[in-house]
Amino acid sequence: MRLTVNGTEHEVDVEPDMPLLWVLRDELNITGPKYGCGIAQCGACTVHVDGFAVRSCQLAIGDLVGEVTTIEGLGTPDNLHAVQQAWIEHQVAQCGYCQSGQIMQAADLLAANPQPSDADIDAVMGGNLCRCGTYPRIRAAIHSAAARLQEA
Amino acid sequence: MASLGKIARRTFLIGSAAVAGGVAFGVYAARQPFPNPNLDDLGDGAVSFNPWVVIDNERVTLVAPHADKGQGIFSAQAALIAEELDIDLDQVEISFGEPDRAYFNTAITEAAAGFPMYDMSPTAERVRGFLGGVAKLAFPMMATGGSSAIPDVYDKLRQAGATARETLKLAASQESGVPVAELRTERGAVILPDGTEMPYTALAATAARIEPVMGVVLRDPADWRLAGRPMERVDIVRKSTGTLTYGIDFRTEDMRFATIKVNPRQGGALNGYDATEAEAMPGVERTVEITGGVAVVANNTWRAFRAANAIQFDWGDAPYPAEQEAHWDHLAGIFDDEHLNAEARVEGDVDAAEGEEISGEYRSPYIAHAPLEPLNATVLVTDTRVDIWTGHQIQMFAEQIVSEITGVDQENVHLHNHFIGGSFGHRLEFEFIRQAAEIANQMRGVPIQMTYSREEDFAHDFPRHITMGRGVAKVLNGQVNSLDVQIAGQSVMRSQMGRMGFNLPGPDTQLHEGAWDAPMFNLPNLRVRSYRTEALAPVSSWRAVGAGPNVFIYETLLDEAIHAAGADPLEERIRLMGHDVSVGVLEAVGEMCGWSGPNIGEGRGRGVAYGFSFGVAVATIVEVTHTDAGIRLDHVWMAADVGQVIDPVNLENLAQGGVVFGLGHAINCEITYSDGMAQQTNYHAHEGMRIWQCPPIEFRALETNPKIRGFGEPPIPPSAPALGNAIFAATGQRIREMPFNKHIDFV
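Chains as they are written, first to last, in the numbering used here: chain A, 546 to 697; chain B, -7 to 739.
Next up, chain A with everything else stripped away, as it sits in the complex (with noise of 0.2 Å):
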């Protein structure tokens, strides 16, 4: 089976309803999409096909249609996306398992709606979870990256 990730083309030989998320961690070693409840209540293995979120947890691979980006195809350190500098700048992480799944929820937000509302942002930012309750500051840090991009 083969899979476009980050603009690199893999082959897997796997059984087509592994979800996405599983194809991503233990066969490719892509970590950054994280395991967090498996029945798409956290948000945490949220990535983007075509640019929109999907959560890879329930995405079958043999239904996969389009391209993969990962947190990690979305910036790096050196090359950071807008969500990623304003996450930095507002120290949104705490323990930061979520984050990967809040910066592609909230980048595709974006591209959607470049200059959300704080009630947009909670209604598409509510399927992600963060138990060290980092709202305030993914508020905060989406604003920022609206106006950055906005400039941009």
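Calculated directly from the structure, the hints in this document are not laboratory data. Take these hints with a grain of salt, some might be off.
Stated by the list, open to error - For each label pair, taking beta carbons as the anchor points, the in silico distance ranges come out as:
id, chain 1, residue 1, chain 2, residue 2, range
1, A, Glu696, B, Glu271, 54 to 64 Å
2, B, Pro27, A, Ala664, 40 to 50 Å
3, B, Gln304, A, Asp562, 52 to 62 Å
4, B, Ala272, A, Ser662, 45 to 55 Å
5, A, Ser662, B, Arg230, 52 to 62 Å
Unchecked claim - Simulated coverage check for chain A against chain B, where a stretch passes if three residues somewhere in it have a Cβ under 8 Å from a Cβ of chain B:
id, region
6, 576 to 582
7, 627 to 641
What the hints assert, rightly or not - A short, non-exhaustive set of chain B residues, derived as facing chain A with CB atoms under 10 Å:
id, residue
8, Asp227
9, Phe411
10, Arg446
A virtual CB, placed ideally from N, CA and C, is assigned to each residue, including glycine.
On the provided structure of chain A, position chain B as indicated by the hints.
The following block gives chain B in isolation, referenced to the frame of chain A:
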């Protein structure tokens, strides 16, 4: 000094150690430092001045041994060393180090001394010092917990940095001939008067031949350049780019992925199982029997999860009541002399006190830890060495357990600590370490990464202990005149320490923590009694431990009394408080929100609560509106006094997160048992707070506390009662049971 017998009675955490170890060893031995573990395999030309600073000709390494589960202690430890070492954090490598008793926690026993943590009397301080020494000799525990990391490292890491700096200056003086007094240090180099820079790395070889300079006077915090102001956490870029390796992300050659199934009736037997179908599933290498259950070893975690679900099990009964209602019934029946844990506080005479009587019964349920990174550990066992890659808060004890399982000497068991994706007390436990080691021990030479499914993590969490409170208040002449508080609960310390093999003598102070030590010295009549059982489900420390349920009980009863007295909830708390630091946080939070009383309009209300835990006074005010869709959280204000702020940004993050954590669980979380099993299997049934429920949270840090304190846990206790008291102000409905959504709807 207090007699040893008195100390023994006051002690719970290391009680037997205090009796057995104390006098025999004496204070002198207790104060001797452990050998520096970095000296064991130090290369030529490298120098280690103490357990926390290692310099060779290429790099400066700071050792930050406390476990980081999100609280930011990794950065804080490095900053405290670097502050005195005169080096910046972009110039150093920072390591968790090798677990070693040299890193034992000197502050974690403080709460066990039996004195309220605001008591700075010479007697209290002597007993704390004595206990710290005894703990070192009898049970030197390298541990991160109890909000003790900052108090533990505050002096010793700055001293480590200062010692290294002065020794490097001495080395520079020897090499250059310039007197030490004319040298200064900056950005990792000694600077000569002519501006010549001698990098620390170039001075390592000379410094290695010098006795470290001891007893250096530490700088005044007013002169700090790194600490005390906003810092960029050293893990923040990695945590924002998916490049940080948590234990679950560890990968090594030929690694197998495994998972386990253990009797969901915790502690129940494995009577039998049939793994035939599981073993035939794709990618499954084999199944392995472990204590109380079965592991599946596969080539992918998801395949292991699937196969584990295909095993047929015959599980034994739970060693505790099968149905939840029986747990509550049991607690209701232990408010008696036979179960008395402690009469922890008696002021005046609550029975003789006059006034109108108000009474209530309060319930705090079991709650899961459920950090987002599920429990996992990777273990490789060979005949001569074991490696463990995981995140743990009591590293050496984990090594000891694995040594016992594998028969490999503990000195050849190496735990490589990792950043932890949340804990809240979860990573103080050892079952997952045992299980991974049992699998790996049966497959020697093969690295095994064992990961819990989220369902297994819920089923096998040792949750927050269940608590029931009963209170009687009396009000007289518009004031609160008396509080009589009784708290009955499953003993968290006996349950948790029992799993570590310790049989604790004496009372479990966690069953009255946060209630017995509320410094309301102007309350003429106060009695706090706690009652203890061990007949219920196994439980463990959950962020803030006893203070969580106990402050909810105490502060809700107090709020009911204040309302009955017709007094103002904030003013009356300030009047009752005989403790300047606590008055300070109450006044601050009132000022922050422009306090004008609890009732601020139709369907709107504000609730106040105060909590004293882990040495920190915290005051919280929550504002809510009762809408057609339910209770909406509008705003939260919090003031707290930690003595000295290391990083104001991180502190604010912990405060906001603590409010979210405390409120979220109060609103909608509980673990209930049926047929002996937890009924909540994943986050849909134990959700916590989502972003759309999260109000603006404003925080102010005060710095008048005479001792520096940790802040991982103190934000939690006052959150729930502040919300309950706000709901009362808005609706007139008094909620005495968590989670609140059993009694009222939330937006």
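Here is what the structure says about each hint:
| no. | hint | result |
| --- | --- | --- |
| 1 | Glu696/A to Glu271/B: 54 to 64 Å | 59 Å, holds |
| 2 | Pro27/B to Ala664/A: 40 to 50 Å | 59 Å, violated |
| 3 | Gln304/B to Asp562/A: 52 to 62 Å | 22 Å, violated |
| 4 | Ala272/B to Ser662/A: 45 to 55 Å | 54 Å, holds |
| 5 | Ser662/A to Arg230/B: 52 to 62 Å | 31 Å, violated |
| 6 | 576 to 582 | holds (count 7) |
| 7 | 627 to 641 | holds (count 9) |
| 8 | Asp227 | 7 Å, holds |
| 9 | Phe411 | 7 Å, holds |
| 10 | Arg446 | 5 Å, holds |
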